[in-house]
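If you read the sequences in order, they're chains A and B. Mapping to my numbering: the first sequence position 66 is 66, numbers consecutive. If you want my numbering, it's the 1-based position in the second sequence plus 488.
One or more hints might be untrue.
Chain A regions said to be covered by chain B (calculated; three or more residues, Cβ under 8 Å) [stated by the list, open to error]: (1) 24-38; (2) 74-82; (3) 165-177; (4) 239-248; (5) 349-357.
Here are the simulated lysine to aspartate or glutamate pairs, EDC-like style, with alpha carbons at most 20 Å apart [said to hold, decoys possible]: (6) B/K683 to A/D350; (7) B/K649 to B/D622; (8) A/K376 to B/E530.
Note that these hints are calculated values from the structure, not bench results. Note that the Cβ used here is the ideal one computed from N, Cα and C, for glycine as well.
Here are the chains, one letter per residue:
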Amino acid sequence: MKSLPKLSWWRHAMRAAVLLFLFAIAGSNLHRHYKSQYGGQVEIDAHRGLRVIDRLNGSSPHLDRRPVTVSGGLWSFKVRGLRISDPLAVLSGLLTSRALPAALLLSVLIPVGGALLLGRVFCSWICPMGLFGEAVCGAKRWLERNGVQLLNLDISRLPKYVILVAGALICLLFSVPFLFWFYPPRIISDAVRDTWSGTLMTGELVFVGILLLCELVLCERLWCKCLCPGGGLLAWLGSARRLRVRQDQDLCTSCGACDVACPYDLAPSHSSLGGECDNCGRCIEVCNDDALQFHVRMPRPRNQSLVMLCICAVLMAAPSVATAHHIRGIPHYSYQENYPQVPLFEEFRDAGPWTLQFTFWPIPTQKALDLALYVKHTTTGNPYDDAVTFRVYQHGEDLSEGNHPFQAYANPRHIHKVGWVYEEDGIYYAQISLGEGDQAISETFRFQVGKVKPNYLVLGGAGAAVFALITIVAIIKKRQTSGQVPGV
Amino acid sequence: MNRMTRRRLLEGLLSTVSSTAVAGWMVRSRARVLARAESWREAVIRPPAALPEEAFLSRCIGCRQCGDVCPNACIQFNRYANGIGAPYLRVREKACILCMRCTRVCPTGALQAVPTDTGEDIQAHVKMGCAVVDKNICNSYNGFACGACVQACPFKGQALKALTWERPVVDPEFCVGCGLCEKACIVYPQAIRVKPQSVKS
């Protein structure tokens, strides 16, 4: 037994595997999509990650038209015919729509059954927020061992039930999926899947980051212990769970190691583990006296068979129907850059009697744009055909000296169009003037060309500086204490 | 002990009521974001066989399975607008090819399952919007016979008919709003556009 890795490592590995699985599935789905499209191979070759998947699959020249078998993320997902949903997602959907479709109800039976039998094992074995929370907790304890004083406030566990009930009420009253917005497992699983399309930093991830920072500075496992509405729901479901940590009072030496180790500030040495405990097993690991063990409290045989029957029924009620499928009607356009029909920018604006539609498209392989203006009478729908002046100036640039050159086109059928070459990426303003005298209209549109990236160097540098500062403080404190010990 | 639990209960009740009030006020003050878009400029096209906008947004839990199974990857998601986390289409970018897989994967019934992808089933269940031709800028109405939109239409001859010189005419009764015509249009800005079903005109 001693040679096996500790339970914690199995849990960390499991949660990392869940994240990796979500990541791999999203990539595989995207690869499959491009593989089935005319011209999709160009996209695959241009994408580093997709190239790897392509190599793993053995790049067959045939179009791949297998249907997707795994879809969704931690909020709700489907593997062939089997659907699994987060109980919180189902609760939120039930309250916002006041309807519970059979598919949604069936999808929640396994998670709810799991929570009834095993408690909050989702938190300790699957949830990525739990993984990050434990990592932060580990970092915090390391820092504290090295002399950095960080707060560990004693915060009540009540708020998570308050958030759960209040969130449920808001879902019910306003019909908005309120709980969906700030639920970290959902945010992280969506973010992991979005990395394939190049979206890395979102407001939601910043929120998760702030939570983790609060955990580092204020209170260990703040989110999971005190705030998580999903954890609250699972804790409530798991309050009469079968799998529990049991204390053998004859072996216990009351050393208190388990109480210190418990991530949720519970007290395994007093056997006061309610629904809050997520069966993570930290207390069992740190116990030197083998006084704590997992214990399965078996229900009466009648109930047990009922539970088994329920699980079997769920598994049988979700058969998979895979249909080979002919994709119809795809116009054979490639995704290549020489077919950019999608406007990069489109804005409608009402000015006087006219409706202005300002759009632009990129000109491939050049730092240039086609600016187009379509002016239509708001009531009659007649087009405006007289002269239109374009002036473009950069953010912070004086309009009078904004002399960015245009290449005028012969206006094709009521659309006013100019080609514009720009020197650098950035924020620009287009001033569009039309009409004369009293009827003159001048509208300014703000737009962005190219990539205006956040300054990762500054962000990373700031992070590294803070980390370096903490480390230096830790080292100095450690030296001071080790220097003082002989003197004292 | 009894007093303690009573106090906790009171605390819980008070904080629940107050936090519901505060968060509810915040949700209401974000009404601009949550507003159900009714004008054409703000409204978006939902995936096929979606419930009416209001019911659709209350049903959808934002699991994104429809986007995962879409073989054309035309279903998009926005975290901050268009019904937060709910799916929508930008048909000029990528239009719906009417395979109906998203309707069958949806766990909540926000998209009503369409059993097959035959023309009859699609005509019976799907109404994402309706195409509208702008005769001012359409090539075919201005002396340059084009017909790209008519050729792209999956219900060619019913939903989108070509008059002489390929001038397109939409029949709103048959048009399901898939957007393949808008995708195919070669005019910049596009001369044929799908008006989302949620637009009240």
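What are the numbers of the hints the structure violates, in ascending order?
4 and 5
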